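> Each protein sequence line maps, in turn, to chains E and G. With the first sequence counted from 1, adding 245 to any position gets you my numbering. With the second sequence counted from 1, adding 133 to any position gets you my numbering.
No lab work stands behind these hints: they were computed from the structure. Please read all numbers here as calculations on a predicted model, not as lab measurements. One or more hints might be untrue.
Think about it this way: if two alpha-carbon atoms lie no more than 20 Å apart in a straight line, the pair counts; the simulated EDC-like pairs of lysine to aspartate or glutamate are [what the hints assert, rightly or not]:
#1 Lys296/G / Glu278/G
#2 Lys296/G / Asp424/E
#3 Lys296/G / Glu558/E
#4 Lys527/E / Glu558/E
#5 Lys296/G / Glu286/G
#6 Lys296/G / Glu282/G
#7 Lys296/G / Glu252/E
#8 Lys296/G / Glu266/G
#9 Lys296/G / Glu262/E
#10 Lys296/G / Asp293/E
Have a look at the derived ranges for each label pair, beta carbon to beta carbon [as the list claims (entries may be wrong)]:
#11 Glu251/G / Gly253/E: 25 to 33 Å
#12 His156/G / Ala534/E: 52 to 60 Å
#13 Cys278/E / Leu261/G: 29 to 37 Å
#14 His265/G / Asp444/E: 50 to 58 Å
#15 Gly293/G / Arg302/E: 52 to 60 Å
#16 Glu533/E / Asp141/G: 48 to 56 Å
#17 Ala431/E / Gly312/G: 33 to 41 Å
#18 Gly312/E / Pro243/G: 47 to 55 Å
#19 Arg145/G / Arg308/E: 17 to 25 Å
#20 Asp444/E / Thr152/G: 21 to 29 Å
Virtual Cβ for every residue (Gly too), placed ideally from N, Cα, C.
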Amino acid sequence: MVSDHVEGLFSAAYDGELSGDARAAFDRHLAECSACAAAFAQLSTAADALRELGPARMPRPVRLPEGAPIPQRRLVRLPARPSWGRGLVAGLTAAGMVAVAGGIAAVVIVTRPNSGVVSRGSASYAEGGGALPAGAVNVPAAGNPATCAGEACSAAVPAPSPTPASEHASVTCPAELQDTSAAAAAQPPAGFSNHVTQDNGTTTVVIATQAASFPPGQTVDIYARVIDDATGAVWLPCAYLAGPEAGPSSGAEAAGGGTTAATPVAGLNVGGVPVVEVVVPKLAVSGEAYEVVVEGLSGVGEVQPQQVSLSIEVT
Amino acid sequence: MDDEALLDRCRRGDRDAFTPLVHRYQDELYTMALRLTGNPADAADVVQETFTRAFRSLPKLRGATVRAWLFRVAVNCAHDVHRQRTRRPADPLEDEEGRVLDLPDPGLGPEATALQRERADAVRQALLTLPHEFRVAVVLRDVNELSYEEMAEALSVPLGTVKSRISRARTLLAVALRGSAAVFPTAEEAW
Numbered sequence: 246m247v248s249d250h251v252e253g254l255f256s257a258a259y260d261g262e263l264s265g266d267a268r269a270a271f272d273r274h275l276a277e278c279s280a281c282a283a284a285f286a287q288l289s290t291a292a293d294a295l296r297e298l299g300p301a302r303m304p305r306p307v308r309l310p311e312g313a314p315i316p317q318r319r320l321v322r323l324p325a326r327p328s329w330g331r332g333l334v335a336g337l338t339a340a341g342m343v344a345v346a347g348g349i350a351a352v353v354i355v356t357r358p359n360s361g362v363v364s365r366g367s368a369s370y371a372e373g374g375g376a377l378p379a380g381a382v383n384v385p386a387a388g389n390p391a392t393c394a395g396e397a398c399s400a401a402v403p404a405p406s407p408t409p410a411s412e413h414a415s416v417t418c419p420a421e422l423q424d425t426s427a428a429a430a431a432q433p434p435a436g437f438s439n440h441v442t443q444d445n446g447t448t449t450v451v452i453a454t455q456a457a458s459f460p461p462g463q464t465v466d467i468y469a470r471v472i473d474d475a476t477g478a479v480w481l482p483c484a485y486l487a488g489p490e491a492g493p494s495s496g497a498e499a500a501g502g503g504t505t506a507a508t509p510v511a512g513l514n515v516g517g518v519p520v521v522e523v524v525v526p527k528l529a530v531s532g533e534a535y536e537v538v539v540e541g542l543s544g545v546g547e548v549q550p551q552q553v554s555l556s557i558e559v560t
Numbered sequence: 134m135d136d137e138a139l140l141d142r143c144r145r146g147d148r149d150a151f152t153p154l155v156h157r158y159q160d161e162l163y164t165m166a167l168r169l170t171g172n173p174a175d176a177a178d179v180v181q182e183t184f185t186r187a188f189r190s191l192p193k194l195r196g197a198t199v200r201a202w203l204f205r206v207a208v209n210c211a212h213d214v215h216r217q218r219t220r221r222p223a224d225p226l227e228d229e230e231g232r233v234l235d236l237p238d239p240g241l242g243p244e245a246t247a248l249q250r251e252r253a254d255a256v257r258q259a260l261l262t263l264p265h266e267f268r269v270a271v272v273l274r275d276v277n278e279l280s281y282e283e284m285a286e287a288l289s290v291p292l293g294t295v296k297s298r299i300s301r302a303r304t305l306l307a308v309a310l311r312g313s314a315a316v317f318p319t320a321e322e323a324w
C-alpha cells in the first residue's frame with residue numbers, strides 16, 4: 246500500500262504541477278520508496294497510453310439548423326399581469342429584469358390578496374446545514390438580487406427582514422448548483438407531488454411543491470430549478486408567490502402590514518436538496534389561488550423571458 | 134479570425150460565422166465523444182447535437198471561452214447518450230468502425246502497428262470501465278489536453294474537484310490496465 250506515501254501527488258507530478266521544492270521532495274521519496282516509484286510509473290504509463298490514442302476525425306459533416314444563429318436576447322419588460330397585483334409587477338420590472346440579464350429572475354416576492362407586495366427576500370442557506378458544500382454555488386456577477394437592483398426597487402418593495410449572519414450564509418438566489426446533474430434536477434424530490442415542468446427548447450423550468458393546497462401562514466417549500474438544456478447547467482432560481490388581483494384599495498398602506506412577512510430566508514433544504522421557501526399570507530382567503538412563479542431565459546424566437554407558474558390553493 | 138470575433142458575428146445573426154467554429158472544433162469534440170462513448174455513431178451524434186445546441190444557445194455563452202463552453206455542451210450531450218446507453222447496449226459492430234477512424238501512425242511497421250493497435254484497444258476498453266465522471270475527467274485532460282482551468286469551466290466544478298477527479302481517474306485507469314501485457318509488458322512483475 247502506498248496510501249501513506251505520496252500517492253496523492255502522483256497526478257500533479259505527472260502534470261508537472263509540483264513546485265520546485267515539492268517536486269524535489271517527491272523525487273527523493275520515490276528514490277527511497279519502491280512501492281511509490283512503481284505505482285507512479287504505472288499511473289504515468291496508463292496516462293501516456295491514453296494520450297497515445299491520438300485524434301479522430303468527425304466522420305460526417307455537421308448539419309446546422311436552418312436560419313441564422315439565435316441573436317443575443319434582448320431583455321424586455323414583462324407585461325403586467327393583472328392577476329398579480331401592482332406590487333408584484335413593480336418588483337419584477339425593477340429587480341427581476343436586471344437579474345434576468347444574468348440568467349434568471351432574482352427576487353422572491355410575496356403578495357397577499359388585494360394588497361400587492363408585502364415584502365420580498367431571497368433564498369439563503371443555513372451555514373453548516375449540509376444542503377450545499379462550500380463553494381458549490383455560483384452567484385452571477387450580473388445584477389445583485391440582494392440589493393434588488395437599487396433604489397427603484399427599494400422604493401417599491403419593503404426591505405426583507407434582516408437575517409442574522411450567524412444563522413445564514415449570504416444571499417444566493419439565483420445560484421448555479423455546481424456539479425448537479427441536469428437529469429436529476431429535472432425530477433422533483435420524493436414528496437413534491439404538485440409539480441410542473443416546461444421546456445421551451447433551450448431552458449427547462451421545474452417547479453414543485455409538496456401539496457397543492459396550503460393554509461394561510463403556512464410555509465411552502467418550493468423545489469425550483471432552471472436547467473440550461475445545452476450545457477446541463479442547473480440553477481436554483483428565486484420564486485415568487487403571486488396572489489389574487491389587487492383591489493382598487495390596495496397599495497402601500499396594505500402592503501405595509503407585517504403579518505405576512507415574506508420569509509424565503511431559512512436554512513433551506515429538504516433531504517439535502519436546496520429549496521426556496523415562501524409563506525402563504527396569513528390574510529389569504531380560503532379558496533383563493535396563488536401562483537408560484539419562476540422565470541428562465543426567453544426561448545428560441547421569443548421576446549419575453551420564459552415564465553412558468555404552478556398553482557396552489559389556500560385552504 | 135479568432136473565436137470571440139466569430140462569436141460576435143454569430144450574435145449579430147451571421148450564419149456564416151458559425152461554420153468556422155464547427156470546422157475548428159468538430160474533430161476535437163468528436164475525439165472526446167469517441168473516447169467517452171466508445172462508439173463512433175454515438176460520438177458523431179454527440180458532435181452534431183453539440184453544435185445544434187450551441188447554435189441555438191449562443192447568447193448563454195457568457196464569461197467563458199468558446200472552447201470550454203463547447204466542451205461543456207458536448208460533455209452534457211455525451212452524458213445524455215451515456216444515460217441512454219445504460220438502457221440500450223452498444224452494437225459491437227459499431228466498435229469495429231471506431232478503430233478505423235483512429236489515425237494510425239504511418240511510420241510504424243506491421244508488428245509495431247499491431248502492438249500499437251492492441252495497446253490502443255486495451256486503453257479504450259479500460260476507459261469504458263471507468264465511472265462516467267472520471268472518464269470525462271481523464272479524457273478532457275489526457276486526450277483533449279484541456280488545462281485545469283478550462284476543465285473547471287467545462288465541468289462547472291471547482292479547480293480542486295478537477296484535480297481530484299483527474300487523479301482518481303488516472304489511478305482507476307492504471308488499475309483497469311493492470312492485466313494488459315500490451316500496456317504493461319512486465320505487468321506480472323510490476324503488480
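> With reference to the structure, classify each hint as holding or not holding.
Here is what the structure says about each hint:
Among the hinted pairs, Lys296/G with Glu278/G is consistent with the structure: their alpha-carbon atoms are about 13 Å apart, no more than 20 Å. Restraint check for Lys296/G and Asp424/E: the C-alpha separation of about 14 Å stays at or below 20 Å, so the hint holds. With a CA separation close to 48 Å, the supplied pair Lys296/G and Glu558/E exceeds the 20 Å bound. Taking the CA atoms of Lys527/E and Glu558/E, the gap is about 13 Å. The hint holds against a cut of 20 Å.
A C-alpha spacing of about 13 Å is found between Lys296/G and Glu286/G, which places the hinted pair at or below 20 Å, so the restraint holds. At roughly 10 Å between alpha-carbon atoms, Lys296/G and Glu282/G fall within 20 Å of each other, so this suggested pair holds. With a CA separation close to 13 Å, the supplied pair Lys296/G and Glu252/E stays within the 20 Å bound. Our distance criterion of 20 Å between C-alpha atoms is met by Lys296/G and Glu266/G, whose separation comes to about 13 Å.
At roughly 10 Å between alpha-carbon atoms, Lys296/G and Glu262/E fall within 20 Å of each other, so this suggested pair holds. A distance of roughly 17 Å separates the Cα atoms of Lys296/G and Asp293/E; the hinted pair therefore holds under the 20 Å criterion. Separated by about 32 Å at the C-beta atoms, Glu251/G and Gly253/E satisfy the suggested range of 25 to 33 Å. Taking 52 to 60 Å as the suggested C-beta distance range, the pair His156/G and Ala534/E conforms, at roughly 53 Å.
Taking 29 to 37 Å as the suggested C-beta distance range, the pair Cys278/E and Leu261/G conforms, at roughly 32 Å. A beta carbon spacing of about 23 Å between His265/G and Asp444/E contradicts the range 50 to 58 Å that was offered as a hint. Checked against the hint of 52 to 60 Å, the C-beta distance between Gly293/G and Arg302/E comes to roughly 35 Å, which is inconsistent with it. Against the hinted window of 48 to 56 Å, the Cβ-Cβ separation of Glu533/E and Asp141/G comes to about 49 Å, which satisfies the hint.
One distance hint, 33 to 41 Å for the beta-carbon pair Ala431/E and Gly312/G, holds here, with the actual separation near 39 Å. Range check, Gly312/E to Pro243/G: about 51 Å between beta-carbon atoms, so the 47 to 55 Å window is met. Our hint of 17 to 25 Å for Arg145/G and Arg308/E holds, since their Cβ atoms are close to 22 Å apart. Checked against the hint of 21 to 29 Å, the pair Asp444/E and Thr152/G passes, with Cβ atoms roughly 28 Å apart.
Consistency with the previously given hints fails for numbers 3, 14, 15, ordered from lowest to highest.
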